Amino acid sequence: MTGDRPLALVLAEMVLLVLLGPLVTGAIQKMKARLQCRQGAAVLQPYRDLVKLFRKGTVQADTASGFFWLVPVLVLAATVAAGALVPVVRMGPPAFPLGDALMLLGLLSLARFLTAVGALDAGGAFGGMGASREMTVAPLVEPVLMMVVFSTAVVAGTTELGALAGRRGTSWLLMWNAADFLGFAAMLVLLPAETGRIPVDNPDTHLELTMLHEGMLLEHSGPGLGCMLLASHTRQIVTLGLVSALFFPAGPAGGTETAGLLLGASAFAAKIFVLAVYLALVESSYAKLRLFRVPQYLGVGFVCALVALALRIL
Amino acid sequence: MDLGSGPNLIAACYGAGALSCLLARWSGRLALGVGHLAALAGAVAGLVVSLGLLLSPSGRTLIQPLPVLFPFARLSLAIDGLSAYFLLVISLVAVAAAVYGPAYLRTHSPGAGPARQAAQVFALNVFLGSMALVCCAGDALTFLLSWEGMTLASYVLVVSDDRDGEHARAGLLYMVMAHGGTALLLVAFLALTEQAGAFDFAALRIAAGGLDDATRTTLFFLALGGFAAKAGVVPLHVWLPRAHPAAPSHVSALMSGVMLKVAIYGMLRFGFDLLAPVAGPLPGSWGWTVLFVGTTSAVLGVLYALQQHDLKRLLAFHSVENIGIILIGIGLAMMLWRREAASESLATVALTAALLHTVNHAAFKGLLFLGAGSVLCRTHIRNIEELGGLARRMPWTAGLFLLGAVAISALPPLNGFVSEWLTFQVLLGGASRVHGPEGLGIVFSAAMLALTGGLAAACFVKAFGVTFLGRPRSPNAEHATEVPPSMIAGMAWLGAVCVALGVAPGYAMRLLDAPTTGLLGGAGASAVVTARGPLVLSTALTPSGTEGTAISMTIVAALFLGVAAMAFVLRHGLRHSPMRTAPTWTCGMSPTARFDYTATAFAKPLRLVFEALYHPRREVIRETAGTPYVVSRIHYSGEIVDLAETQIYHRVEREISAIAQTIRARSTGRIYGYIGFVLGTLFVALLLLGLVYG
Numbered sequence: 021m022t023g024d025r026p027l028a029l030v031l032a033e034m035v036l037l038v039l040l041g042p043l044v045t046g047a048i049q050k051m052k053a054r055l056q057c058r059q060g061a062a063v064l065q066p067y068r069d070l071v072k073l074f075r076k077g078t079v080q081a082d083t084a085s086g087f088f089w090l091v092p093v094l095v096l097a098a099t100v101a102a103g104a105l106v107p108v109v110r111m112g113p114p115a116f117p118l119g120d121a122l123m124l125l126g127l128l129s130l131a132r133f134l135t136a137v138g139a140l141d142a143g144g145a146f147g148g149m150g151a152s153r154e155m156t157v158a159p160l161v162e163p164v165l166m167m168v169v170f171s172t173a174v175v176a177g178t179t180e181l182g183a184l185a186g187r188r189g190t191s192w193l194l195m196w197n198a199a200d201f202l203g204f205a206a207m208l209v210l211l212p213a214e215t216g217r218i219p220v221d222n223p224d225t226h227l228e229l230t231m232l233h234e235g236m237l238l239e240h241s242g243p244g245l246g247c248m249l250l251a252s253h254t255r256q257i258v259t260l261g262l263v264s265a266l267f268f269p270a271g272p273a274g275g276t277e278t279a280g281l282l283l284g285a286s287a288f289a290a291k292i293f294v295l296a297v298y299l300a301l302v303e304s305s306y307a308k309l310r311l312f313r314v315p316q317y318l319g320v321g322f323v324c325a326l327v328a329l330a331l332r333i334l
Numbered sequence: 011m012d013l014g015s016g017p018n019l020i021a022a023c024y025g026a027g028a029l030s031c032l033l034a035r036w037s038g039r040l041a042l043g044v045g046h047l048a049a050l051a052g053a054v055a056g057l058v059v060s061l062g063l064l065l066s067p068s069g070r071t072l073i074q075p076l077p078v079l080f081p082f083a084r085l086s087l088a089i090d091g092l093s094a095y096f097l098l099v100i101s102l103v104a105v106a107a108a109v110y111g112p113a114y115l116r117t118h119s120p121g122a123g124p125a126r127q128a129a130q131v132f133a134l135n136v137f138l139g140s141m142a143l144v145c146c147a148g149d150a151l152t153f154l155l156s157w158e159g160m161t162l163a164s165y166v167l168v169v170s171d172d173r174d175g176e177h178a179r180a181g182l183l184y185m186v187m188a189h190g191g192t193a194l195l196l197v198a199f200l201a202l203t204e205q206a207g208a209f210d211f212a213a214l215r216i217a218a219g220g221l222d223d224a225t226r227t228t229l230f231f232l233a234l235g236g237f238a239a240k241a242g243v244v245p246l247h248v249w250l251p252r253a254h255p256a257a258p259s260h261v262s263a264l265m266s267g268v269m270l271k272v273a274i275y276g277m278l279r280f281g282f283d284l285l286a287p288v289a290g291p292l293p294g295s296w297g298w299t300v301l302f303v304g305t306t307s308a309v310l311g312v313l314y315a316l317q318q319h320d321l322k323r324l325l326a327f328h329s330v331e332n333i334g335i336i337l338i339g340i341g342l343a344m345m346l347w348r349r350e351a352a353s354e355s356l357a358t359v360a361l362t363a364a365l366l367h368t369v370n371h372a373a374f375k376g377l378l379f380l381g382a383g384s385v386l387c388r389t390h391i392r393n394i395e396e397l398g399g400l401a402r403r404m405p406w407t408a409g410l411f412l413l414g415a416v417a418i419s420a421l422p423p424l425n426g427f428v429s430e431w432l433t434f435q436v437l438l439g440g441a442s443r444v445h446g447p448e449g450l451g452i453v454f455s456a457a458m459l460a461l462t463g464g465l466a467a468a469c470f471v472k473a474f475g476v477t478f479l480g481r482p483r484s485p486n487a488e489h490a491t492e493v494p495p496s497m498i499a500g501m502a503w504l505g506a507v508c509v510a511l512g513v514a515p516g517y518a519m520r521l522l523d524a525p526t527t528g529l530l531g532g533a534g535a536s537a538v539v540t541a542r543g544p545l546v547l548s549t550a551l552t553p554s555g556t557e558g559t560a561i562s563m564t565i566v567a568a569l570f571l572g573v574a575a576m577a578f579v580l581r582h583g584l585r586h587s588p589m590r591t592a593p594t595w596t597c598g599m600s601p602t603a604r605f606d607y608t609a610t611a612f613a614k615p616l617r618l619v620f621e622a623l624y625h626p627r628r629e630v631i632r633e634t635a636g637t638p639y640v641v642s643r644i645h646y647s648g649e650i651v652d653l654a655e656t657q658i659y660h661r662v663e664r665e666i667s668a669i670a671q672t673i674r675a676r677s678t679g680r681i682y683g684y685i686g687f688v689l690g691t692l693f694v695a696l697l698l699l700g701l702v703y704g
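Chains as they are written, first to last, in our numbering: chain V, 21 to 334; chain D, 11 to 704.
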């Protein structure tokens, strides 16, 4: 089988995702600030933070093992590798098989697993608290996410994201039925959980009562923290890319002409922007849920996803 | 090489190992060395024989007559693809156990007398030999005899380690459950041999062809019950988390990693071979039952594992989970096999997933048990709350344990992910082919499998983090040192298997050809799953068989490593900056080990989320000094219950006690009274027999 996306294109898309990741975070922060009638930091602020962190020295906890130093490397690698599995500028299967949606979720889980292990390494209560909460929410999110993926994969007959998007085609948007709406609703419920935002997590706080993901980063510093932050920016854009590949597979599915690639890139940017606006709106209009309310919140997503899948296969 | 002499060689090695231990029981050191060396030789011979059979193009069955022990039956070995595959799984872990064993037994219990050590190694050799025999048995009698040998040898090992009451109780429970299972197997086998008039499997196969559906299904469920008791399927799992941790750690690795698989072998042998109808699909109830109990075991196994703080017990509960995952694959294969022409290849993928998870689980669970054993022999502590900080003291053990933890959590790029990926693909394919409520059941099973994976990851963050990271919470953990190289070598061997099966699973598919073709007919695993070359795993999901999903573990692993190399450079920073160490931030107080998150605290949110399944009980006693505002001491205790235990076993126990009390009133203590009872029972039995056959 000759695929539509040569390996060079896949790698270029991966790099593009990594480079654009902080921009999405910056844009969401800016939108949130404007919605709260503040001026807010510049859109490019996450880049400045990263550059600053990569130029700093490191302070490491004296109880941490040698493994602690490697955690940011592996977390970043797993997240970025997941980025290679998302179709960005062009739909269709890659020229050589890489991985499918399950592999993407697996790599993101690997990153989460290693982050949580790193959080326990320093031996403070905050890291453990963050890791415990993150590993409580993650197992509840994963089945729902998997069912949303399955509800679209059953139609397309594949879980490979590029092929899935390519097979459904752009015109498919006009033929949405109940199952698609329900699946998308489930995805909207999951999106804040998977990107670590309100109402499940709060990325802006270091208060021990509210944080999940940030609590795990407390002991990282300097370039290590930079890697972890870059990984969470990348994770966010990869998740948004997953949603757009599953539900808005717009973009050309072949050809090498520059115009097609540009069209695909701008379509991708538009989709990501819409989803970013959604995240900013949700973050500005809801309060963070208590941790033990989160399962009920995710239960809504589970029911939506189950009904979507049931409608597909019954 | 002529493989015909292979079985003799394996038997000779294990036999010589067992015998030499008995002879060398005056010197523990000698017995340990010779016994384990013989076990290693047997395992290597097993590897060679099984690989030779699996890779031979003809896919032949090796038949080897055994010496005549009974006048009424000819005993024989018949090694076909399925047998050879399970022999391979046994031998893989046995190699690690034999390398790891001597140093472990020497350092873990230095006070043990030579007689006890010799007995342990003797039992180990008998255990390994009888497991190999069960998988290679060519007739019912050999199967049952070696099955019993396996149970007895493992019982000896379970009770051998310490002389406290807990191990004896665990052993007793194990014996009761194992023999309950054997009784069911005995009934199933005897019904078949009665029909066939012979004991060998070929005759049983022919006899089973003439059975009607109801008898066939009854026999299958009898056998399933028997094997499920051995495999630790919920709700028959209660013995497993007690017995497995009680054995020496390398035996725990064998019991969890391999002995449970022997039961899986039995299920496959009965379900797809001995009892399968000559033509047409298997009865629908088989696949459904197996899928249902598999899903239940997977979810409940991991949920209970999550709340365990004894490292080996936690791992034992994870075996319940992984057996469940294997059963999901087997159940799907039963459901899809011969159902329609289009789903033939999907049934093959399902069986491939189950068999691959069998060897994967053997590798990573073996590795994790050996890692736990290393911790145990250096600290003599099994409760992870009292460990901590071991990664700095035992870096090799910690690294290898982490490898196993990533593999068992089904995370790429290691082997656990590969078999779960295949299982998910079959679940998805099965759901899109089996429409209606049954399809919904499959989908629900898929969601539960995803939940299992997430919970397993949470559990191993806890197990690894609390055991190896942070500060040591006891003097034993504080003064731990790395284990000897031979123990590290045993773990590293299994770690290498995990990496190899994760990064290049396509090459292992050739080994699955003989068992899949042998059981299901049609194309083998490699033709279906690695149709696009050994680097690519692919499955076709749609009934039309158009292009499905393809992934390449190798390329993703390479990509991961490449990105990691770049991230490594980035991690060093843009300019050379100093690195200094400082105490962990604990809000200005001086940090102590009490600040570390404990395992109980780590698992608490999930304990509350799944409260309905745990029925957690907690008790907090505060001692105050004068006023209620000054707490001088807090005593906390908490526990969760195993629903199967409280809802089923305790009730049964109460009933049995009540009946026993009633009978006690009739028991006079006089011998002729009892003889009267025996005669009465015999009379009733003969009467019933006469009524049935008369």
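Source of the hints: derived by calculation from the structure; they are not laboratory data. Treat the numbers as computed from the prediction; the structure is a model and nothing was measured. Note that the Cβ used here is the ideal one computed from N, Cα and C, for glycine as well. Just so you know, not all the hints are guaranteed correct.
Said to hold, decoys possible - Restraint-style ranges between C-beta atoms, simulated for each label pair:
hint, chain 1, residue 1, chain 2, residue 2, range
1, V, PRO26, D, VAL579, 46 to 54 Å
2, V, LEU39, D, THR634, 53 to 61 Å
3, D, MET599, V, ALA62, 47 to 55 Å
4, D, THR691, V, PHE312, 35 to 43 Å
5, V, PRO26, D, THR228, 38 to 46 Å
6, V, GLY77, D, ARG179, 52 to 60 Å
7, V, PRO26, D, GLN657, 52 to 60 Å
Are LEU39(V) and THR634(D) spaced within 53 to 61 Å by their CB atoms? 59 Å, holds
Using the C-beta atoms of MET599(D) and ALA62(V), is the stated range 47 to 55 Å upheld? 38 Å, violated
Does the Cβ-Cβ separation between THR691(D) and PHE312(V) fall within 35 to 43 Å? 58 Å, violated
Outcome for the supplied range 52 to 60 Å, where the beta carbon pair is PRO26(V) and GLN657(D): 58 Å, holds
Assessment of proposed distance window 52 to 60 Å (beta carbons of GLY77(V), ARG179(D)): 57 Å, holds
Outcome of range test on Cβ distance (PRO26(V), THR228(D); 38 to 46 Å): 58 Å Cβ-Cβ, so the 38 to 46 Å window is violated.
How does the Cβ-Cβ distance of PRO26(V) and VAL579(D) compare with 46 to 54 Å: does it lie in that range? Because 26 Å falls outside the window, the suggested range is violated.
This entry does not satisfy hints 1, 3, 4, 5, going by the numbered hints stated previously.
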